[in-house]
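Colleague: Take these sequences, add in the hints, and give me the full structure.
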Amino acid sequence: MTIIHLEDIVYPGIVTTAAGIQLSIFAGKVYNARTKYKIEFPAVTGNTNFERVFRAQVPGFMLGVKCMQIMLVMSTAGFVTVLLRRHAGIDLAVIFRSAVNKYTGILFSALGKTDHDRPLAGPNRHNMAAVHLEDILATSIVTVIAAFQLTRFALGVVAVRKKYKIDFPAVTGNEHFERVFRAQQNSLEWFPVYMVSLWMSSLFFHQVPASLVGLVYIYSRHQYFKGYSRSVEERRPGFQLGVTCLRVMLAMTIAGFTTVLLRKYANIDLALMTQGILKNSLGITL
901 MTIIHLEDIV
911 YPGIVTTAAG
921 IQLSIFAGKV
931 YNARTKYKIE
941 FPAVTGNTNF
951 ERVFRAQVPG
961 FMLGVKCMQI
971 MLVMSTAGFV
981 TVLLRRHAGI
991 DLAVIFRSAV
1001 NKYTGILFSA
1011 LGKTDHDRPL
1021 AGPNRHNMAA
1031 VHLEDILATS
1041 IVTVIAAFQL
1051 TRFALGVVAV
1061 RKKYKIDFPA
1071 VTGNEHFERV
1081 FRAQQNSLEW
1091 FPVYMVSLWM
1101 SSLFFHQVPA
1111 SLVGLVYIYS
1121 RHQYFKGYSR
1131 SVEERRPGFQ
1141 LGVTCLRVML
1151 AMTIAGFTTV
1161 LLRKYANIDL
1171 ALMTQGILKN
1181 SLGITL
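Quick note, the sequence shown lines up with residues 901 to 1186 if you use the numbering used here.
Rather than coming from a laboratory, the hints here were simulated on the basis of the structure.
Backbone N, C-alpha and C fix where the C-beta goes; we use that ideal spot for every residue, glycine too.
Don't take each hint at face value.
As the list claims (entries may be wrong) - For lysine to aspartate or glutamate, the following EDC-like pairs were computed, each having C-alpha atoms within a straight-line distance of at most 20 Å: (1) Lys1065 - Glu1078; (2) Lys938 - Glu1078; (3) Lys929 - Glu1089; (4) Lys1126 - Asp908; (5) Lys936 - Glu1133; (6) Lys1063 - Glu1078; (7) Lys1126 - Glu1078; (8) Lys1164 - Asp908; (9) Lys1126 - Asp1169; (10) Lys1126 - Glu1075; (11) Lys938 - Asp1169; (12) Lys929 - Asp908; (13) Lys1002 - Asp991; (14) Lys938 - Glu1075; (15) Lys929 - Glu940; (16) Lys966 - Glu951; (17) Lys938 - Glu951; (18) Lys1065 - Glu1089; (19) Lys1062 - Glu1075; (20) Lys1164 - Glu907; (21) Lys1179 - Asp1169; (22) Lys1063 - Glu1075; (23) Lys936 - Glu951.
Claimed, not checked - Across the chosen pairs, the derived CB separations fall in these ranges: (24) Ala943 - Val915: 30 to 36 Å; (25) Leu984 - Leu1182: 31 to 37 Å; (26) Tyr931 - Lys1062: 28 to 34 Å; (27) Ala1166 - Ala1030: 29 to 35 Å.
Modeller: Right, dumping it as C-alpha cells:
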C-alpha cells in the first residue's frame, strides 16, 4: 500500500492554491470591469470590453490547454504505475528512475518516489506526515454537502425558468430569473476556489477547523442565493461572508505549507510546538 505524505504534495498544493487565488483575481477583474462600464447586476452584456473580460478570452488559452493535456498524460501514467505496482508487482517509477540514471547519469531522487523507497526508520521517516482516510473524513462530508447544494441551486434555476416560461438556452427575459441564474452561476464560478481552499487547508492545516469554516461558507452561499433571488442588494451579506471564509481557509493553508516546509528543510515542527504550548498552557491535547 502506498501512503501519501504531505511532504510529497506540498509543491502541487502550493500551485493549486495559487490557481485558486488566480481565479479570485479574475473574479475581481470582472467586478472592476462591471463597475468601470456601469453594467448593473445581474446583466452580463452591454459593453464589448466587459463581455471580453467576463468571458475571459485571453491569448494564453491554447497554452493552458496544452499544459492541461500534458498533466492529463502524466496523471494517466501515474494511474497506470500505481495499478501495476498494486496488482502486478511492477514498479514503473523505479524502472524509469533506474533507466534515466543509467543512460544520462542524472539521479532523480524524488521522481516517482514510492513508500517502498523511503527509509523505514530514522528522523526523516518519523517526521513525515502521512494522510489516512480518517484525516479527510470531515472534509469529504463537507464536500458532498457543497455538491448537493449546487444541485439545489440548479433545480432552483429550473423552477424559475419554468415559472416564467423561459425556453432553453435563453438566460434573459425576466429580471427575477436573471438574478436567480446569476446567483447559481456565481456559485459555480467560485466553487473551484472554495474546493481548493477547503482541501488545502484541511490537508496541510487540520480538517476540523477547515471543515467548520467550509460549512460556514456553504451557509454563506445559501444566504447569497436567497438574497440575490430577492434583490441585487441583498446578495452582499452572503457574498462578503463567503469571501471572509475563503480568506480564513487561505490563511490556514499558508500556515500549513509553512509547517510542512519547515519540517522538511529545517527539521522544525511548528505543529508539535503548538500542541506543546496548548497542552502546557491550556491543558488541551490535540
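Colleague: Does each hint hold? Answer for all of them.
Modeller: How the hints compare with the structure:
1. A C-alpha spacing of about 13 Å is found between Lys1065 and Glu1078, which places the hinted pair at or below 20 Å, so the restraint holds.
2. Using a Cα cut-off of 20 Å, the hinted pair Lys938 and Glu1078 holds, with the two alpha carbons roughly 17 Å apart.
3. Among the hinted pairs, Lys929 with Glu1089 is consistent with the structure: their alpha-carbon atoms are about 13 Å apart, no more than 20 Å.
4. This hinted pair does not check out: Lys1126 and Asp908 have alpha carbons roughly 41 Å apart, beyond 20 Å.
5. Annotation: proposed proximity of Lys936 to Glu1133 holds, straight-line Cα distance about 19 Å (limit 20 Å).
6. For the hint linking Lys1063 to Glu1078, the alpha-carbon distance of about 13 Å falls within 20 Å, and the restraint holds.
7. For the suggested pair Lys1126 and Glu1078, the alpha carbons sit about 13 Å apart, so the restraint of at most 20 Å is met.
8. As the CA atoms of Lys1164 and Asp908 are separated by approximately 10 Å, the hinted pair is consistent with the 20 Å bound.
9. Taken as a hint, the Lys1126 and Asp1169 pair is broken in the structure, with Cα atoms around 44 Å apart against an allowance of 20 Å.
10. Distance hint between Lys1126 and Glu1075 is fulfilled; the C-alpha atoms sit about 15 Å from each other, no more than 20 Å.
11. Annotation: proposed proximity of Lys938 to Asp1169 is violated, straight-line Cα distance about 51 Å (limit 20 Å).
12. The hinted pair formed by Lys929 and Asp908 fails the criterion: a straight-line CA distance of about 34 Å is larger than 20 Å.
13. Of the supplied pair hints, the one linking Lys1002 and Asp991 holds, its CA atoms being roughly 17 Å apart against a limit of 20 Å.
14. Restraint check for Lys938 and Glu1075: satisfied, since their Cα atoms lie roughly 17 Å apart, inside the 20 Å limit.
15. Proximity of Lys929 to Glu940 is assessed by CA-CA distance (about 15 Å); at most 20 Å being required, the pair is judged to hold.
16. Taking the CA atoms of Lys966 and Glu951, the gap is near 25 Å; set against the 20 Å cutoff, the hint is violated.
17. Among the hinted pairs, Lys938 with Glu951 is consistent with the structure: their alpha-carbon atoms are about 12 Å apart, no more than 20 Å.
18. A distance of roughly 26 Å separates the Cα atoms of Lys1065 and Glu1089; the hinted pair therefore is violated under the 20 Å criterion.
19. At roughly 14 Å between alpha-carbon atoms, Lys1062 and Glu1075 fall within 20 Å of each other, so this suggested pair holds.
20. Taking the CA atoms of Lys1164 and Glu907, the gap is near 7 Å; set against the 20 Å cutoff, the hint holds.
21. Of the pairs offered as hints, the one joining Lys1179 and Asp1169 holds, with about 16 Å between alpha carbons and a cut-off of 20 Å not exceeded.
22. Straight-line distance between C-alpha atoms of Lys1063 and Glu1075 comes to about 13 Å, which keeps the hinted pair within the 20 Å bound.
23. Taking the CA atoms of Lys936 and Glu951, the gap is near 12 Å; set against the 20 Å cutoff, the hint holds.
24. The beta-carbon spacing between Ala943 and Val915, approximately 35 Å, falls within the hinted interval of 30 to 36 Å.
25. Distance hint for Leu984 and Leu1182: a CB-CB separation of about 49 Å, inconsistent with the stated range 31 to 37 Å.
26. For the hinted restraint 28 to 34 Å between Tyr931 and Lys1062, the CB-CB distance of approximately 31 Å keeps it satisfied.
27. Checking the proposed 29 to 35 Å range against Ala1166 and Ala1030 shows it is violated: the Cβ atoms sit about 20 Å from each other.
Of the numbered hints stated above, those contradicted by the structure are hints 4, 9, 11, 12, 16, 18, 25, 27, listed in ascending order.
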